[in-house]
Each structure stands twice: as structure tokens, then as C-alpha cells.
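Undergrad: Given next are the chains, with one letter for each unit.
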Amino acid sequence: MRSPSKKISVLAMLTAFAVIMGYIEALIPFYPGIPGIKPGLCNIVILGTLYMFSWKEAFLVSVVRILATGFLFGNAFSISYSMAGSVFAIFIMTVLLYSGRFGFVGISASGGAMHGIGQLLVAKAVMPALPFAGYAGILILSGTVTGAAVGLIVYEIMKRINGVGY
Amino acid sequence: MVRGKAVKQAVLFRKADMLILMFWGMAALILFLLSARGIGGDPSGACLVIISGNETVGRYELDKDQTIRIGEGNTCEIKEGSVRMVSADCPDKLCVKSHGISKPGESIVCLPNNVILKITGQKGDADIDAVSE
Amino acid sequence: MTVLLFLLLFSACFLSGCGAGESASGTGIYFDTVVDIKIYGDDPEELLRGCFDICRDMEKTLSAHDEESELYKLNHRSPDTHDIEVSHDLAECISMGLYYSEASDGAFDITVLPLRELWDFESEDPSVPAKEDIEEALEKVDYRRVHVDADTVVFDDPDTMIDLGGIAKGYISAKLKEYLVSKGCSSAIINLGGNVSTVGRKDGGSRWKVGIQKPYAERGTVFDTVEIENECVVSSGTYERYFTEDGREYHHILDTGTGYPVESGLWQASVIGEDDILCDALSTICIILGREASESLIEKEGWNADVLYIDQDLSPSWYGEKP
Chain G
512 MRSPSKKISV LAMLTAFAVI MGYIEALIPF YPGIPGIKPG LCNIVILGTL YMFSWKEAFL
572 VSVVRILATG FLFGNAFSIS YSMAGSVFAI FIMTVLLYSG RFGFVGISAS GGAMHGIGQL
632 LVAKAVMPAL PFAGYAGILI LSGTVTGAAV GLIVYEIMKR INGVGY
Chain E
27 MVRGKAVKQA VLFRKADMLI LMFWGMAALI LFLLSARGIG GDPSGACLVI ISGNETVGRY
87 ELDKDQTIRI GEGNTCEIKE GSVRMVSADC PDKLCVKSHG ISKPGESIVC LPNNVILKIT
147 GQKGDADIDA VSE
Chain L
5 MTVLLFLLLF SACFLSGCGA GESASGTGIY FDTVVDIKIY GDDPEELLRG CFDICRDMEK
65 TLSAHDEESE LYKLNHRSPD THDIEVSHDL AECISMGLYY SEASDGAFDI TVLPLRELWD
125 FESEDPSVPA KEDIEEALEK VDYRRVHVDA DTVVFDDPDT MIDLGGIAKG YISAKLKEYL
185 VSKGCSSAII NLGGNVSTVG RKDGGSRWKV GIQKPYAERG TVFDTVEIEN ECVVSSGTYE
245 RYFTEDGREY HHILDTGTGY PVESGLWQAS VIGEDDILCD ALSTICIILG REASESLIEK
305 EGWNADVLYI DQDLSPSWYG EKP
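Residue numbers (my numbering), protein chains in the order written: chain G, 512 to 677; chain E, 27 to 159; chain L, 5 to 327.
Note that these hints are calculated values from the structure, not bench results. Hints may be right or wrong, so weigh each one.
As the list claims (entries may be wrong) - Cross-link-like lysine to any residue pairs, in silico, SDA-like; alpha carbons within 25 Å at most:
#, chain 1, residue 1, chain 2, residue 2
1, L, K326, E, D153
2, L, K213, L, S321
3, E, K105, E, T82
4, G, K635, E, L60
5, E, K129, E, G79
6, G, K517, G, R671
7, G, K549, L, K206
8, E, K123, L, K144
9, G, K635, E, T146
10, L, K187, G, F582
11, L, K144, L, S29
12, G, K518, G, F528
13, E, K41, G, F602
14, E, K119, L, L122
15, G, K567, E, A36
16, G, K635, L, S29
17, L, K206, E, K105
18, G, K549, L, G209
19, G, K567, G, I519
20, E, K123, L, F227
Use the sequences and the hints to build the structure in full.
TA: Structure below.
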């Protein structure tokens, strides 16, 4: 990145984009009856940021996004769930991306699965009687599937903007 | 920190991706199997809540057998996932005569001593919300 | 990093705030009744506390057995007291009771307490009282000897005692509903010892599924299920309290004409409607009057309710439409 002001404006744009993704997600009537399962559109932006910058920028965009969408559409609980989920997701995606051995599908699917695990750990702390195993299975499965789809989208985007200077 | 150098070119899918997808699939499968065998929590999240004097005095998971004393007069027992009132000093003993409870929404009440044993947890979609009696 | 810290601190200030999609439920025992309330929506915990505060107030007012309650004191007044000023809730509840006593021409009678105390179905070992005692108790039963003028209850007879058992739960659930709606709540279910009352739909989605207890079956056995929205379901039945003596069953719904349990051929009546007080009173009235007489009473008064009658061979019949 050449100039810091350009970096800041790009990151701001990405954050705004992530918030919009959260808004779109809130609009889509996608509620399979199990809390925690969602398309994870925001991860398009987070994985993109991770790819173009580093884990630090991805984390920053993620935190700002969670707070913004949390206050707009959610509550204290949804914020803490998302926070835990995204820390787990960014961690695994960073490791897999930096290893250089994985494509976007694998990276993003793992991010989706870990996002679910992170959320579930918070939920388990709040509700000790939560059926952990069954729930974890559902969230890992759904996170892997939606994550793989997100990986495909990120790949298509990155392929197109790769030559634009990042 | 410097970005990983190996990712100059965007890559959609590699052989390693297949392996990691299989890994997550297996993880989910194992967790489902565990859950189906009742390991790692009851699928409905059933949990015993004890209310005495209109205050919640305790929460207990149903997978551990134990006997719990409630205040001065009542004793309940968790055995094989089912809860019963085993003794009470109330005059009618209706609570002791009640059947064991194990499913979310079920309860045993000792009116004279103001004690309620209640199973909480996720109800199925087809389940009723309340019973008019 | 500074920005990040600032954001985290900023968010901490808001973490106690409320949001959508929350729910809270609570259970307690008030006025000898298990009260179960579940509320969906914003700030459900606070609404739940508000509901249980109302229950506590109502217990001090309407409880029949609590010697500290207003109703108990009213019934145990000194013989030379003719009019007593009471709280608005008690006066309102008694005047509602008088309305249904009058509408049913005394079949449902809120002054039945002397007779009920004689039968004492709540005792450990109830038995059939002597005929003379029943006749003596019946003398004291007549709702026309009680009047309510604003918040003053006027008694014509020192022996008259008031039993709000057939209407108090309906009155309280109506109050709880009123409170919840006034606070902007759009989804809640209130269960007062089997009187089930609802606000809106379940979490804004489907209608509430309420089971109707099968008479004389194990508690929780469902005879039929109705789906309701904003309405309540109240069931009365002979199976709720009864004892057997000399091979005969004596249940707790008493005939104010004979002084003995009513024999209308019905085991149970479940009333569904939006007016909690009406449903509570009507469920008892239906058992007392039987199917035909209660149906014509509903028509005559223009009451808005559906009724499920279950007679002694467990065969059901509906007045109105099954919701």
C-alpha cells in the first residue's frame, strides 16, 4: 500500500461494505429455526481484506462491522456471539492463507466452521445446558457449506481486481 | 507483519481444500453421532430448574444422578434423566405421587410448600405451548 | 489500536441495552396457583418482573385463603358492618362476578363460599356433608344480597361470603394482558394454573398451540389442540377436584339449587375467546347449565366465545368454530 490515507479510505470503504452485507443479511428472510445459522455474507469482505492486507486490517474491519451491525440490528448478545465467532474465523483463515497451500474455498469454509464453534463457546458459557455436540455439528456443517460458497465469491472478486494494484 | 508471499495469485481450489472440507464434514458427522448417543448434552437441552418461594434456587443437568434437598421440607431426585419428588412434608403429598418428569415444559408442583420442579429447554416446533386444564 | 480500544469502551456502555428476538420466562406460585409467563420481545425481563409484581398485588387482594388478603378480611367482617370500601381491583372483580351471577340467573353464584367451605374439597379427607348442614349453608347463598357501588361493597346479610374462585384467575390474566399490551409487548403467553391466555402470536410467527387437558387422564394428556392468537383458553371440569364416597363420585362444581355437585352430563368445558374474564366464568357456567342451556345463554347475551364440551363418554362437541 503506497499512502496511509489511501489505505485508510480503502479500509473505511471495506468496513462500510461489510456493514451493508450485514444489513442485506438482516433483510434476507433466512431463518432455518436454529440461531447461529446464516449466510455469512460479511465474510466476503473479511476474507477479501485478509487477502489484500493482513490479519490486523481484517480484524479491525471485522470489529467495527460487528459493533455497527450489532447496534443497528442486534443486541449485546449478538455482538458477543459475532465477536467470538470472528476471532476464531480470522485466526483459522489467517493460518490457512499464510500457509499458501489452500484455495479460497477451503480457507473460507474453515472460517465458516470456526465461526460457528466460536459462537457456540459463548452460548455454552451463557447457557450451560446447551446441547453442545449436536449444535456444534449443525453449525460446523452449515458454516462449511456457506463458507465454501463465500470462498467462491471472494475468488471471483479477487480474480477481477487482482490487476488493479493490490 | 508481512502478508504471506505465497498468495500473489488468487487460487480457488487445491487438493488440500478437498482434505479440509472432508475434515469438517467428518467433524460434523462425529458430533452428530455423539449427539444421537446422548453424549455432549441432551438434544433438547433439558435442564431441571428448582423454584422455591418464587425464587430460582438451582439448576441441574439431567445426565448426573443425584438427590437434592430443597429447603426444609422437600427432596427431589434425578435418576436416569428423570426427576421425581421423593419426599415432602406437605399434607397432601400430591407432588410425591406425581409421575417423573424429563421433557421440557413438564413440571412437578408442591403448592403447600411453594416448590416447583420444572424442566426447561428447547421445545420442538410441533410441541404445544401450554395445556389448558 | 487506540481507535479499537475506544470502540470497545464505547460498546461496553451499550451492552446493557435491549434488542429484538429476546425472550424471558418465569414460574411462581401466587394465590395457590402456578403462574407461568413467557414474554418475547424487547426487555422481556423487566416486563416479567412487572407481571409478577401484579401477581403479588393481586394475591394480597383476591386470595381466598390468605388471612391477610383483602377478600378474606371482607368475608370475615364484623356482623354489624354493612358496607366496606375496598380497593378498585376487588370492587371491579366482585362486580364482574355479580354480572355473571345475574346473567346465569344464579347458576354461577359468587356467594357460594359457605356451601363450598362445608364441602371442603381441598381438605385431606373430604366427605359428603349432612343434608341439614347443606340446607343451612344454601340459605346463605344468594348473590342478590351483595351490591357494589363504586368501590364500596354493600352486604344485605351478615352471613354472605364471597368466593371469586370462578373469576379471579380470569380477572388477573386480563390485568396482566392489559399491562403487557400497554408496555408495547406483542408476544406473550400467560398460564395461570391452567387458564392459558395469549398476547399476539408466538414470537411474531405462528399462532400459539394450546392443548386441552383430557378429563380424568394423567396431567398433561392432551385431548385436543387449538391454535390461538390474542385469545385465551379456560377449561373447567369435574375431574379437577373430586372424591368418591360409597361408590359415588362427588366433584367440586356445586349446584346452587340443590347444594350437591351439578349433574349436567358434562365432564369438561373449554372456552376460547378474547375476554379472559368471560372465558373463566363461562367455563364454569357451561358445566353447571349443561350444553343446551349454556349455548342459548351465550346467544342471548351475545358473548363472543367458542366452547368445546366434553361429555361423560368423552365425546366432544363444539359451539362455534374450533380455532
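Undergrad: Failing hints, ascending?
TA: 8, 11, 17
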